[in-house]
Amino acid sequence: MAYPGYNQPGAYPGYGHPGAYGPPGGYSGYPPGAIDPLFGYFSAVAGHDQQIDARELQTCLTSSGIGGSYQQFSLETCRIMINMLDRDYSGKMGFTEFKELWNALNQWKTTFMIYDRDRSGTVEPHEMHQAIASWGYNLSGQALNIIIKRYSDNGRIKFDDFVSAAIRLRMLTDHFRRRDATQSGYASFAFDDFIQVTMFS
Numbered sequence: 093m094a095y096p097g098y099n100q101p102g103a104y105p106g107y108g109h110p111g112a113y114g115p116p117g118g119y120s121g122y123p124p125g126a127i128d129p130l131f132g133y134f135s136a137v138a139g140h141d142q143q144i145d146a147r148e149l150q151t152c153l154t155s156s157g158i159g160g161s162y163q164q165f166s167l168e169t170c171r172i173m174i175n176m177l178d179r180d181y182s183g184k185m186g187f188t189e190f191k192e193l194w195n196a197l198n199q200w201k202t203t204f205m206i207y208d209r210d211r212s213g214t215v216e217p218h219e220m221h222q223a224i225a226s227w228g229y230n231l232s233g234q235a236l237n238i239i240i241k242r243y244s245d246n247g248r249i250k251f252d253d254f255v256s257a258a259i260r261l262r263m264l265t266d267h268f269r270r271r272d273a274t275q276s277g278y279a280s281f282a283f284d285d286f287i288q289v290t291m292f293s
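Numbering (our numbering), first residue to last: 93 to 293.
Be a bit skeptical, because a hint or two may be false.
Pairwise CB distance ranges (calculated) [stated by the list, open to error]:
#	residue 1	residue 2	range
1	Q288	G160	30 to 36 Å
2	Q163	P217	19 to 25 Å
3	S156	R242	24 to 30 Å
4	F131	R179	16 to 22 Å
5	F286	P129	38 to 44 Å
6	S280	G183	25 to 31 Å
7	H140	S276	46 to 52 Å
8	G233	D285	25 to 31 Å
9	R209	F286	37 to 43 Å
10	S212	A279	26 to 32 Å
11	Q288	G157	31 to 37 Å
Derived from the structure by calculation, the hints contain no laboratory data.
In this text, all values refer to a predicted model and were calculated from it rather than measured experimentally.
For glycine and all other residues, C-beta sits at the position ideal for the given N, C-alpha and C.
Construct the complete structure from the given sequences, taking the supplied hints into account.
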């Protein structure tokens, strides 16, 4: 089974090509010895361990201006950003993970702007459906409606909620894929494992 975001056009960053930072809006890196402008934002809030938590990430993203004219990312959204890349369950991220997040956010922002056709700063339910389909998902109408109900405010999805939905789709797909040993579209979860996956995503 081909999972959404894996080895497909428009694939989620880090899926199928670990560490790759590609267009659109991707982070391409800098020559050795050059000052990385992203490191300035990161180091301004990082502690001596060069790690940042969700609140520090919120400050970092706000000061970087990556959200443009959209409202700042909520603390809850920053928590799930951390969780998406928190491979050691420390509750923090280092600079390498921050660069991976930066690339992901730029790609999601590009998608959001494509479907925010009236430039209202929000996307409507049918536009959200189209965005999800563009990531390779083929979800039932019921599943799509649940996503809309969870992330919309008066029938519209703001950028912060759009990113939250994108992250959770990515994380849950990743967890499911790892447990679908035969790539058949079916996976088995022990109850405790299921709780860990859903509570952390």
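Going through the hints against the structure:
| no. | hint | result |
| --- | --- | --- |
| 1 | Q288 - G160: 30 to 36 Å | 35 Å, holds |
| 2 | Q163 - P217: 19 to 25 Å | 20 Å, holds |
| 3 | S156 - R242: 24 to 30 Å | 27 Å, holds |
| 4 | F131 - R179: 16 to 22 Å | 21 Å, holds |
| 5 | F286 - P129: 38 to 44 Å | 41 Å, holds |
| 6 | S280 - G183: 25 to 31 Å | 28 Å, holds |
| 7 | H140 - S276: 46 to 52 Å | 47 Å, holds |
| 8 | G233 - D285: 25 to 31 Å | 29 Å, holds |
| 9 | R209 - F286: 37 to 43 Å | 38 Å, holds |
| 10 | S212 - A279: 26 to 32 Å | 38 Å, violated |
| 11 | Q288 - G157: 31 to 37 Å | 35 Å, holds |
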